[in-house]
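Novice: Line by line, the protein sequences are chains A and B.
Residue numbering for the first sequence follows my numbering, beginning at 47 and increasing consecutively.
Residue numbering for the second sequence follows my numbering, beginning at 118 and increasing consecutively.
Please note that the accuracy of each hint is not assured.
Now the stretches of chain A that chain B is said to cover, found in silico as 3 or more residues with beta-carbon under 8 Å [stated by the list, open to error]:
1) 127 to 133
2) 591 to 597
3) 682 to 689
Pulled from the structure, derived: some chain A residues nowhere near chain B, Cβ distances all over 12 Å [what the hints assert, rightly or not]:
4) SER91
5) GLU121
6) GLY152
7) GLY162
8) CYS163
9) PRO165
10) ALA171
11) SER429
12) GLY556
13) ALA577
Just so you know, the hints here were simulated from the structure itself, not pulled from any lab data.
This structure is a prediction, so every number in the text was calculated from the model and none was measured.
Don't be surprised by glycine CBs; every beta carbon is placed ideally from N, CA and C.
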Amino acid sequence: MIWCDTGGGEVAHIEDLAVFVAQLNAAGFAAAMDARAVAGPWGRSLQFDLAPWLREGPAAPGDRLAVIAAQQLGEARLAGMRHLAGGAGLACTAFGSFASRQAAIGAQARLAFALGCEPDVIDLATHHDQKWLGFDAPRIGVARPLPEDGVPSVLLVGPPLQDPRDGAALIGLSLMSSLRIAVLTDGKTKQAWTEAQGHAIPFYQYGEVPPASIAHRVHALALFEPFQKSYRLQSLRANVAVSGGVLLDCAQGHPIAAEDEAFVRAPVDLAGLGAFLASEILPNLARIGAHVRGAAQTRRLARHDALGPLAGLTALEPDAAPAGEPARIVFMPTNGVGLGHAQRCRLVAGELPAARYATDFAVFPSCMGLVRSYGFDAAPLVSRSPLHSHPHQNDLVNYLRLRSLTRSADAFVFDGGYVFDSVYRTILEHRLRAVWIRRGLWQKTQDNGIALDREKAFARVIVPAEAFAELNRPYSRGPQLRDVGPIVQGLRLEGAARARLRDEIGTRYGTAFRHLVVSQLGAGVAADRHAQLQAICAMLERRTDVLHLLVIWPTATVEAGWFCWQRSRVVRTLHAAVLAAAADLCISAAGYNSFHEAIYGGWPTIFLPQTGAFMDDQMARCRAAAERGLAGFVEPQEALKLERTVARMLDDGAGAETVRRLTSEALPAPGNTDAARLIEEIADGRQPKSGDLRPDRTARRG
Amino acid sequence: MTRPGERQRRRVAIVTDPRFPGGTGGAVAAEMRALAPVCDLSLVALATAMFKGRRLNPAIEAALEDLGLAPCWNPAVVHADTLVFHNPSCLRFDRTLDVRLSCAEAFVVTHENFLRPGGAEGFDVGKCLGLIEEALVSGRRWLAPISSHNRETVSDWIRQAGSDWVCTAQDWFNVIDAPLVAPVAAPRDRRGRHSRPGPEKYPPREALLRQFPPHAERCILLGADSLMKDGEEIPRHWDLRAFGTSDVGRFLGEIDFFVYFTHPLWRESFGRVIAEAIAAGKLVVTDPDTARTFGSAVIASDGSDIDRIVAEYVSQPARYGAFVRRAQETLARFGAEAFRERFSTLVHKGQGAAFDLV
């Protein structure tokens, strides 16, 4: 194990440390950080950068310590290293840019006293003539095979975008069919661009992902400003170079190429860059890349010469995929409000040929029972909790679990509205073939900017349709998008089977009934449905011909008041659909699954939408069904209307009429199987891996 | 001291940064007091980068006041018969030494070991000596080690660096002028140590715990700033005091055994705190390298047998008293009169293979 630490305690030092450790690991070294030494009030992004590499000290025999920015060493950081060494001598290699030989001697002495062992001190400042060395930390080149098929990708780093003409030129570049572009810039510029222009061009901000997670997508790296002071960019440059990418100096006056012969001088304005790339670079991509990779300094980067004695440590063998095993697909549904995402994922997973694909799930606790009940393995994720110190604390844990679970995965399927940091980072870090099942009908007031921004990590986005055409709205465009029919469990129960089940229900609950009513109003997370359920129970209590099953998920909260009714029974089950299919009336929320199960199952239903600001637009679904006469629709506050509507459905024949209309309604064919086939394509590698730099347009036009 | 043909009194310029805390400052102050009666003494004060913003060492300040001298800060030129440059390591952070040092003979007193145990350089010796060489116009010049261990590190550095500096034949020892205090009649297991708070002054925590165990009646660690800040739980039986927060004399009055070990990768060049502890009537236990300077006046130990040593002397008060009194007698070797003799020898009796400019 190589423990890593930094001499500086500022956020910039910790960021560099995170990059350094990530680079070491990507290069195959077992590197980590002492959790105690890097604890701090860091921002969310940095917490995610650090999380995978945190370990508890002290160091074990045979471990080593690597210290960067050793010229900054102060007492507080030395104390942390002393704790890590734990009284036993800890071998150490320290890197830094020392203002004088005395500074290096001083750092060596301080480390020796802290670690009980003389360290190797490598003064990077003395090697400034060797451009392959960094300043505070050694540059490490991590080679990744660049995709040879498809369109070359160009990453523009810090392009000028203040002038509207530059923006127009960037859009012009993005329209070239011979290349894909993406932009790496600061957070402010990214925000300004996406607010004005949307997500058609993938924008990354500098700290968004570690350099090793993005470099493998870059055939050409175009830098518009000197980068020597940024270890993150130095590492990106090193990774691109050793992977055989092309390095372009687009900075005013070409200061980078003046110091670094691996760089090609390129136009400094975006307007001129397209023609230059088309005529000079793209036709010679392989030749220039080979030249860069073969350059002496690139070979040193690939050999990790800058690491000094650390370079000789045994590197980890990369994970080898077991031969002959079925392709492994990991599904991750977000729990959402109900179990809709999990239900949808298990429906799609069930369509995958079991002989060819092994499916695992990573699910929140509320979904564990459901997923396992269908025979899938499920690893637990951690739900958000107000007891956590940060809102994203659970996601940090989930990130580690997902990283571990997907290490050997062939494909990753995410179903949810918000792409968590854990999901986004795991996909990029493991270069997963990732699929996003993204149902639509977002509310107009919802800000899904982050989710759409992270769409760039997915190789494919499967959009399950709504049953009614006017509800389908596009949120992004591009070849990665695939529309499929509604993903739905269409459970119809008819004839003897339905009669038998109703008899069993009557027997089980000791209540004779003429009408079976099933209510399923959701998990109660988005809104308190207690009052509505009590009203329904009270309303149905006045009837003598009804048995009312109040159906809730096993994980939902049960209210004591529900148990005081004669004609209502609380049923905790994962299989509500079976009960609903046997009912004369279903009173239901209008989430995607509940709604489509009712419509495709032909169940007479009154919809009571949930209206949480973060949920899908259930009102729109309800209106669409009601306007077609396919369901009753009662808004949450309309208690009297609910009673009238129930009476109409049960007593005035409206229920039967609804069933008749549902039976004759031309609905789109379910998309369960299509979704599974689209996932198979990705898992089999019949489509590019996730991370096309421009997912919003076809691979080759014209 | 005066020889025929010489001026009445030799002009001796002491050159140093008078803000040195700890041993060097104390040694310079004592040396000034020792030499003032026999020389025309001046203190050339260098404002080095190492002690930027620090105040004058109190011992030097007191000596200057007592001797009626004022420091001469950063003069352009220094003329003297004999120039004594105390502790070249004060130049470690400077790029230039903007003074012309003109003298017949120069002694550069090496208060800091040139090499640490294991051979790592203690500071940028070549740079510091180089600055002095550039500033110095001298008939003869020497490096003057202050102890046998210090001499070894200086000699090893000279050999490794291929330097043309040479060492004086005899050590330029620290002057110890502390008043002698009689040892207690009935010593108890009251242990203590005193040093500047630097990490080099402290052994690893595990060793320190053995040297200052819970069963000791007192464990006072003066100058323990880094231990107080390092985030580890402080053993309840340790009485940790920050550097400068306790009067040293009062602290020494609270202990009977001065247990002094440094980090194994660093060594004292002389060990002035040890001499002060002996003068205060304490029995001193220290590592063999440091013990060599004081011979039989201290007990050399590898740190593993402190409990046994303490128990023996606690159970034999007479032996304790005899040991400390004998140790105090040997301190006379480091007294002002002895130093004047040594100074005279080094200045007047030649140095054998001394580097000669003319």
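Novice: Each hint: holds or not?
Specialist: Going through the hints against the structure:
1. 127 to 133: Coverage by chain B holds for the region 127 to 133 of chain A (3 residues, Cβ < 8 Å).
2. 591 to 597: Our answer is that it is violated, as 0 residues pass the Cβ test (under 8 Å) against chain B, missing three.
3. 682 to 689: violated (count 0)
4. SER91: For A/SER91, whose nearest Cβ neighbour in chain B is about 27 Å away, the distance exceeds 12 Å, so it holds.
5. GLU121: violated (7 Å)
6. GLY152: violated (8 Å)
7. GLY162: Contrary to the label, A/GLY162 does not stay out of reach of chain B, its closest Cβ about 6 Å off (not over 12 Å).
8. CYS163: A/CYS163 not clear of chain B: closest Cβ-Cβ about 8 Å, inside 12 Å.
9. PRO165: violated (9 Å)
10. ALA171: holds (15 Å)
11. SER429: The assertion about A/SER429 holds, with a minimum of 33 Å to chain B.
12. GLY556: The claim holds: A/GLY556 sits with its nearest Cβ about 65 Å from chain B, beyond 12 Å.
13. ALA577: A/ALA577 clear of chain B: closest Cβ-Cβ about 53 Å, beyond 12 Å.
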